[in-house]
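Visitor: Spelled out from the first residue to the last, the chains are:
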Amino acid sequence: MTVSTTETPLFAQLRASADPSAPFANQAVWARRLQKVLPEIPNLRPLRIAVLGSGTMGHFADTLRLWLALEGFRPEIHLASYGSFRQEILDPHSALYAFQPDVVWLFATGRDLLPQVDFGAAPDACESAVQAAVSEWRNLWRRVRESAPVAILQNNCEAPAVRIFGHYDGALPWSPANLARRLNLVLAEATAAENVSLFDLDHTASVFGLSRWHQDRHWYQSKQPFAPDAFGLVAFQAARFLSASRGAAKKCVAFDLDNTLWGGIAGDDGLAGIHLGNDPEGEAYLALQDYLKTLQRRGILLAVCSKNEEAVAQEPFLKHPAMRLRLEDIVAFRANWKNKADNLRDIASSLNIGLDSLVFVDDNPAERELVRSVLPEVTVPEMPADPAEFVPALVAGRYFEASSFSGEDTARTRLYYENARREAARTSATDLAGFLRDLDMEALSGPPDSFTLPRMAQLLARTNQFHPTTTRHTESELAAMAANRRAWVRWFSLRDRFGDHGLVSVAALLPQDDAWIIDSWAMSCRVFSRGLEELVFLEMVRAAKESGVPYLIGRYYPTSKNRPVADLFPRLGFRADGAENGGSRWRFDVTASVPAFTPFIRWGTGARYSVGKEGQA
Amino acid sequence: MTTTFRQDLMERVRRILRDLFLDNSLAVTEDTQLVDIPEWDSMLHVTLVMAIETEFNVRLNAREVSELTAIRPILDVLTAKLGTQSREALDGSHSRLG
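Keeping their order, the protein sequence lines are chains A and B.
Going by the working numbering, the residue at position 334 of the first sequence is 334; the numbering climbs one at a time, nothing skipped.
So the working numbering is basically just the index in the second sequence, starting at one, shifted up by 1000.
In short, the hints are calculated from the structure, not lab data.
Model, not experiment: these values are computed from the prediction.
It cannot be assumed that every hint is accurate.
Claimed, not checked - Just some of the chain B residues that point at chain A, by a computed CB distance under 8 Å:
#, residue
1, Leu1020
2, Leu1022
3, Ala1051
4, Thr1054
5, Glu1055
Stated by the list, open to error - Derived DEER-like restraints, expressed as beta-carbon distance ranges:
#, chain 1, residue 1, chain 2, residue 2, range
6, A, Glu382, B, Leu1026, 28 to 38 Å
7, A, Asp290, B, Glu1039, 46 to 56 Å
8, B, Asn1024, A, Leu90, 46 to 56 Å
We treat Cβ as the ideally placed atom computed from N, Cα and C, and that holds for glycine.
Using the sequences and the hints, build the whole thing.
Guide: Dropping the structure here:
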């Protein structure tokens, strides 16, 4: 429903009070009020619709105008003059074509559609009569199409009121009941073949109630084609259908969790305490999940919009045995403490859909009211208090009408799910890169000396997390290593625009056969995730090349603390090189591999550095 | 008793017409002929009949409908149909259309 934020008070009042199931007397009053304000309502999409039917269509047309306007259309309606809609279709110079409709609605009912057969006719004769009736309508569609490139809406046949025998009619091919059924099947095939939209009047009549639908006294008195009290329902359903088939279909349903998708509060009642499938209340929530799952399978995207801790909100999806919906069914999962209007905005933009293609389902009237007032474009169904009524309310609301279905629809969730994940990765990478660039980082490095050796030994002794081998070396051991001309021992310091971190990393590489083995490599947790490890690694590679050393060997000895570097070597491009002392051994070929890292850290000039503060590892 | 009952019917019929014409000061009396109401047409006549059926929860047959050309016969037919019911049964059923 396209809602203007500047709509007139009268129109807003109509929107709030109009009810499709209200009797015709109410529809008539609303329709007359609408007629008065229609010219002043902004932002309505023009729709020219010809309603062609037997009988008096004027009262129905007034009701239809009301519901089309409430659906966001500015309707112009053409009615055929009484009893002449076939002539209008067949005459290319008729008022119908002069009207230049966008939609031609062939408003047939059983009076027009039901084939006439002989009493007790043979099955063959019944089938011929059905086929003949359908081809008459097909010819009318073709004549319409020859004269104008319009959308055609065709009613099918509601079940007849009169039965010849009673239940036995259901077993007789020539009974009106079975002729109507057979006709509807053949008509459905024909509409599909001719690209005509089917309006399932039979369905609407049965939803309304067949005995209330067939009010022949209104036909006798004023040629109303069906009970006027059903006008609101037919007009409302048609308006929803036309809106969806003319580009305003809903694409996503965003729903709350606690007391909407399951009974109870996951955060308070716990995983085993929520009602879901295990009792009468739980069965109702399961029914809603089944309905949502069906929507998802036909291409409607599902999103979560819940005030919750994310982990608590996701737990039932991951662990509850009765859950029908899984996390991979959800294209956007927003469980947080922000207001729901902000979350819905976020959901719409992350899926790249308009707010007007969003339906928001929440058991909480306050949340619904908030969303209605802040985001009037979002469709917010009024939800019944009893969860057993959730699905009937959503079905009756006709929020998810569509006029076609294809293989693409079934794959849509998968597509959006993958795109959302890719987007999230890209967004966070972009944010991280921006963050690192903004840090304006500068590094220094050098061999140990009397100033730096104490801090280097201290860093090796105290660092537990970024320390793949957890080796400890005293100052003198480090000094001895550094004295070996074939070894490479370095310190690294880092500063950024917020300050100087001092000496934060130590690397000691020792010769072993034709390689440098990374004896020790420690880095302060203060500078994790800054790109310094990549910078240090690039420096190792550069030095190895300069010294004619073809391989770097890394080793990871797992401890309870150094999990953060479990994947350090593969992440840097090392290849697995076997196991060693309960750990793993990794090899990097400096002559063959080119590390593809671009750390956002530049090398500083000069020998300025500061020694890290005591007590900081 | 009969007078106030009829007055009550009159008020409710007047309300229906004022709602339909979106005019809260539309003059309607027992003597009003429907065709004398500006913009009156056959479409509105059908609408009025259905509104009366809904408002008073009655059904009007073809012959009754054909006689409803003015307010007085409308009140007459309603009095005849509803007269057997107690006033209490009708109380609380007042409703404004829309």
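Visitor: Please go over all the hints and tell whether each is borne out by the structure.
Guide: How the hints compare with the structure:
Residue-level restraint check for Leu1020(B) holds (minimum Cβ-Cβ distance to chain A is 6 Å; threshold 8 Å). For Leu1022(B), the suggested interface contact is upheld, since its CB lies about 6 Å from the closest CB of chain A, less than 8 Å. Satisfaction of the interface hint for Ala1051(B) is found here, the shortest Cβ-Cβ separation to chain A being roughly 4 Å, below the 8 Å cut-off. With a cut of 8 Å, the hint placing Thr1054(B) at the interface with chain A holds, because the nearest CB-to-CB distance is about 4 Å.
Residue-level restraint check for Glu1055(B) holds (minimum Cβ-Cβ distance to chain A is 7 Å; threshold 8 Å). Taken as a hint, the range 28 to 38 Å holds for the pair Glu382(A) and Leu1026(B), whose Cβ atoms sit roughly 34 Å apart. At about 52 Å, the beta-carbon gap between Asp290(A) and Glu1039(B) stays in the expected band of 46 to 56 Å. Here the CB-CB span from Asn1024(B) to Leu90(A) is close to 48 Å, well matched to the stated 46 to 56 Å.
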